[in-house]
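Trainee: Required output: the full structure, derived from the provided sequences and hints.
Protein chains: 4
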Amino acid sequence: MTKPLNVGMIGYGFMGRAHSNAYCQVNHFFDVPFRPVLKAACARNVEKLKAFAETWGYESIETDWRKLVERRDIDLVDICVPNNLHAEIALAAAQAGKMILCEKPLAMNAAEGQKMVEAVEKAGVANMVWYNYRRVPAVSLAKRLIDEGRLGRIFHYRAQFLQDWTINPEVPQGGTALWRLDVHAAGSGVTGDLLAHCIDTAMWLNGPITQVCAMTETFVKQRQHALTGKIEPVGIDDACAFLARYANGSLGVFESTRYARGHKALYTFEINGEHASLAWNLHDLHRLAYFDHRDEGKLRGWRSIHVTDHGGEHPYMDKWWVPGLQIGYEHTFIHQLADFLTALGKGELAEPTFRTALQTQKVCDAVLESARTRQWVEVAY
Amino acid sequence: MTKPLNVGMIGYGFMGRAHSNAYCQVNHFFDVPFRPVLKAACARNVEKLKAFAETWGYESIETDWRKLVERRDIDLVDICVPNNLHAEIALAAAQAGKMILCEKPLAMNAAEGQKMVEAVEKAGVANMVWYNYRRVPAVSLAKRLIDEGRLGRIFHYRAQFLQDWTINPEVPQGGTALWRLDVHAAGSGVTGDLLAHCIDTAMWLNGPITQVCAMTETFVKQRQHALTGKIEPVGIDDACAFLARYANGSLGVFESTRYARGHKALYTFEINGEHASLAWNLHDLHRLAYFDHRDEGKLRGWRSIHVTDHGGEHPYMDKWWVPGLQIGYEHTFIHQLADFLTALGKGELAEPTFRTALQTQKVCDAVLESARTRQWVEVAY
Amino acid sequence: MTKPLNVGMIGYGFMGRAHSNAYCQVNHFFDVPFRPVLKAACARNVEKLKAFAETWGYESIETDWRKLVERRDIDLVDICVPNNLHAEIALAAAQAGKMILCEKPLAMNAAEGQKMVEAVEKAGVANMVWYNYRRVPAVSLAKRLIDEGRLGRIFHYRAQFLQDWTINPEVPQGGTALWRLDVHAAGSGVTGDLLAHCIDTAMWLNGPITQVCAMTETFVKQRQHALTGKIEPVGIDDACAFLARYANGSLGVFESTRYARGHKALYTFEINGEHASLAWNLHDLHRLAYFDHRDEGKLRGWRSIHVTDHGGEHPYMDKWWVPGLQIGYEHTFIHQLADFLTALGKGELAEPTFRTALQTQKVCDAVLESARTRQWVEVAY
Amino acid sequence: MTKPLNVGMIGYGFMGRAHSNAYCQVNHFFDVPFRPVLKAACARNVEKLKAFAETWGYESIETDWRKLVERRDIDLVDICVPNNLHAEIALAAAQAGKMILCEKPLAMNAAEGQKMVEAVEKAGVANMVWYNYRRVPAVSLAKRLIDEGRLGRIFHYRAQFLQDWTINPEVPQGGTALWRLDVHAAGSGVTGDLLAHCIDTAMWLNGPITQVCAMTETFVKQRQHALTGKIEPVGIDDACAFLARYANGSLGVFESTRYARGHKALYTFEINGEHASLAWNLHDLHRLAYFDHRDEGKLRGWRSIHVTDHGGEHPYMDKWWVPGLQIGYEHTFIHQLADFLTALGKGELAEPTFRTALQTQKVCDAVLESARTRQWVEVAY
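Heads up: the sequence lines are chains A, B, C and D, in that order.
Residue numbers for the first sequence follow our numbering, beginning at 1 and rising by one.
Residue numbers for the second sequence follow our numbering, beginning at 382 and rising by one.
Residue numbers for the third sequence follow our numbering, beginning at 763 and rising by one.
Residue numbers for the fourth sequence follow our numbering, beginning at 1144 and rising by one.
Misleading hints may appear alongside valid ones.
What the hints assert, rightly or not - Below are the DMTMM-like pairs computed for lysine to aspartate or glutamate, each with C-alpha atoms no more than 25 Å apart in a straight line:
no., chain 1, residue 1, chain 2, residue 2
1, B, LYS679, A, GLU313
2, B, LYS503, B, ASP676
3, A, LYS362, A, GLU121
4, A, LYS39, A, GLU88
5, D, LYS1286, D, ASP1452
6, D, LYS1191, B, ASP690
7, D, LYS1462, B, GLU440
8, D, LYS1193, B, ASP699
9, A, LYS143, A, GLU274
10, C, LYS812, C, ASP835
11, A, LYS298, B, GLU677
12, B, LYS431, D, ASP1174
13, C, LYS1081, C, ASP793
14, C, LYS1026, A, ASP295
15, A, LYS39, A, GLU313
16, A, LYS3, C, ASP835
17, D, LYS1191, B, ASP412
18, A, LYS319, B, ASP676
19, D, LYS1265, D, GLU1231
20, C, LYS812, C, GLU832
21, A, LYS39, C, GLU821
Said to hold, decoys possible - Which bits of chain C does chain B cover? Going by a derived footprint, with three or more residues having C-beta under 8 Å, they are:
no., region
22, 957–964
23, 970–979
24, 1015–1023
25, 1035–1047
Because the hints were derived from the structure by calculation, they are not lab data.
These figures come from a predicted structure and were not determined experimentally.
We put the beta carbon where it would ideally sit given N, CA and C, even for glycine.
Mentor: In structure tokens, the structure reads:
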């Protein structure tokens, strides 16, 4: 019944694995009109690439992404390489008429992102960016509640993304494993890597951010570069916090760092409305906290919703096990892929598209500019 | 406006302090028809007694409780001495026509308790036992919700009281500080000291317990006695767990120990009804957990009710500070005293009376008998 | 490198899916010497069976389990059918020389289980029972900590398994979906379905249970049978609680029910030792609570360990994503399968074997007998 | 042994009660060299004043604060009136040679505060500002841990103070109860009322704040004034968030609002250091969260320290009940008073003095200026 969809994967790192898993799992749990076929994997290190291809069942390998992009038997290109390569690959893939799924952030900056949007729209190819946290069932439930108008007028939206893995100054920068610390490969530090997630979710849930005022800091000023072996200046932001104003009149406070001891990947958000509030965090991603002022007075309290119910109550959960049994991180990619394939079957695009992701890029650019200029910056949509 | 009520306090330990505080504080926060006057404090150790009396403002001291009980200027006798002295003092106080507030448990056993009930009822004196946890606002709120029928048919009630302060075998038994470990002074171990609280609350919230089946254990078999200096067998139960059946058809599970590492005074209970469930614990006593199945499906979750609201929403809390600010342990005694004084003004008794506390004593007796005989035991009301 | 291992799956329900997922995923994440091949799936309903086989990629189907068991191309039989069929299938599969992976509980009772143990041991075939919760990383970590002696002498072990899905008396019994409510198919209610998990973990962590004293209750006395359409008496235990004594001198308290409103699948356990305590629950399965009295005094507290670290710190987690990102329920089966395949490569058996699972069955039998006789019962190992 | 210390209380509102309670309770629990005597209470509303004086046992009343300040029998003046009266009263009291305890914030602005500091220092009178949250035992413990150097280099300090009581636009401004909403009485909104607490604690724990960049918002633009009955513009900040830099190189993020549905008085802070992190919140004020990276790897986790231990482990707690039993909000004032009296006995001042509180005022001024100018502002110490 399902049609095959030939996937060409570029990159085999953390995201290469997470996406490959989604391709393998989606048909086990979701009734979608396409069946991903792992046609080819591409990377420069042949030995590692072969191991990766064997583990996941890719039928062939390529060491030059240009060849992969040009292969006739590839329908969809998945870009899982460092940020500085996104644009070039995407432009070529669009030109070759391939669908493109791109890891976040979309690009090194909005200018690059703008070209990517134009390319995919001109080529008319399906496209999506892997802002996977939208598809945590608890986060999708938050979206549903907000769309139903349950919160009323919104006053506040705040988010954090806290990690602690770069506190040790001996951690090097650059190379395959640590390109996120090399400004030339990553474009920025926590802003593009972590705050981009926060901003994507924030604007999805609460609408456009119009102004920002930011500060950034680089706590460890120089690190050995993994490729050159030399001690080099660190160009990324180790931490970034910013104030924001939304188009709907609400206030935003955002903070991200890799220097918050005790937090491995603590993405949190909270939204406060006139009638109700919602809060969530990635360390217990299967729970949504909800407070409704319209509850009877003496019984008001923050509800800890264990987002595992069936019967359509909780997004995506009918597809998994039984109520009460939690799923984890990797499932967000499966959900996003299922939505993509379902939309594809209808000739539609699943969100966030390149165009949507460009908005997030613009906020990131404004944040970095504000940190440099120490001024409030209007986001230039 | 308020009438003086002359208090004679017997004992100056932990409970002597907690009750004295209630006498000092009640008129600062509650509008009650009586004003406790700290007339006399009584104990055998004159030096410590004097210090206690000075700290709390007792006007006089007595070293013989019989004298205190006979004093004409004493209206109310508060019994804060080890359990083995409760009955004798209460009988004398009743005969002298004094109101009596007695620390829990009521007595060494139900037989003693029965005499005490008869004595106060014959004398017609006001009486109450300090099962203070009923007056934690969150627990009082639980009672209110149950009385309103919100839970529907009850299926389960479980409670624990977990401590860890006697794991060290070097802790001695007996004497002023550690009489709770001496079976001759305490009557039993955790059963009378801790489970008695659990049972009092349980029957207040869920009705009579009709049958029990228990096991007890004494992990440290002998300890030095603080008075004799000798190593003596330990006669108390270090731990006790029991199964129970209630008159309403629900099932009970109870457990208490002083060997649960990490729990200082963790009294917990949970009640599961057809429609809703409630849970509470003493380590965060200002919160009540509530789950209501009648909530809209996708929004069902355990609510953490911060029991600090005003406007009559949360029991007792209007009298304290502002919403969101928590109170603590000692306030339960102030609440119980306020209720006692209010009832007294109306010629009524506040719960739990000696008669009510006798029911708890009977369950405790049945529990200890069951542990001895390894049989289910019917509670003999 | 990996050798194929041909799997014959009997059953396609909840567990059929969970195990199939494990077969599909194990080689994506674990370096094991075998590669499961989904050779055949077996069930009576052809239509549903075909859909199941297509979803998971089973190469063929069988509608008679005897045929499946006899097929030469099947190396391993996985039994995922109602409890009343476990023994017969297992005996036949053993005789046919197949490895057997059997869903829990092992059998309807210890007598059946005994025959199954004898059969697999006589046949010399690899065997294992899917008590999957041992392989929750947090639970495996608990085991490691206990084995290292960190807790010291153990005083208490308590466990609960609370659900709420049968409160509605309109829920029918029997049939494909609800055979767990039909005593003829299930053997017992919560005892075999839920407490069996608690008992398996308990004895793995804390050694043999020697005596039990139980009570059971059936709150809804009759339900419509899904197959006959008639109102029939309910033969299972809706709730069961029991007291226990362990060979190591510690005390146990266990409780399970399907009438605890607000709990979907709340399996909890806590163990209290002389030096440290551990607690865990299935609703937040990626966390282990740990209290160590040897911590510096003012800093003692229950630690909430987010069991997602790498570098060998946390069992199994190196194989998944990055620190801080949680996994879920289904991963326990993947872990158990990985351990089975690794052991198989060494000619060993992974735990729990049929023999180990028989011990749990004996405790379940003793629990049910105790509930019937209202007596303490010694477990007959 | 204790010397009497005659107190003159100005104001009888929320803080008048909280401070009066501290005067009544301090000698019951703390061994301090002075015994507060409630000599006189002062306010304009005679009827309410009389009731207040009777409840708390004030020996006399005054309706003109100037008279109170001049009374020879008053040793100490406690200022519990709206912010716009602090300076005038404090100047007069200092001139009259009285000790002064002043509610926070110190003044309407730093200019006023500067005069108050000069006045008390010139007069040489004891002085203190009631930033009471320093004396929550968990917060005092945090200070102790930081002073011991356990956190190492500090990277981040963030704080929030979230309330939700002014969302309803029908809430009026001004008058006795709601002067906090009237800019003429309060000086500012959440900045002076709530963020002042956050800033005081922050600088106590983490040193001086050197720069800030803020945004404020007034969500409800006009409210009826309780005194005039007219709809008047709202002059206060309903919400305020700011970025900060500390002298020690760490980054700060602060946010306060009265529009965060579901939070009554949620003051939170978290500090992240190289080695360890600490977090606390007012809704569960008896707990301190602590994460120490130096813990053994597999056992690292956030510890929830129940700050109720004795033996000197946990600040102030030896004076209260037994381990495990929590205290509440009002105790912070008792602790602060005890520290003040102890210091007084040694001829010293307890913190925060007027001079210390002036620093907080300067940060508040900078925050408000930054919000007005949309610029980063250096704090002018």
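Trainee: For a quick check of understanding: which of the numbered hints are violated here, in increasing order?
Mentor: As far as the earlier hints go, 2, 15, 16, 22 are violated by this structure, in ascending order.
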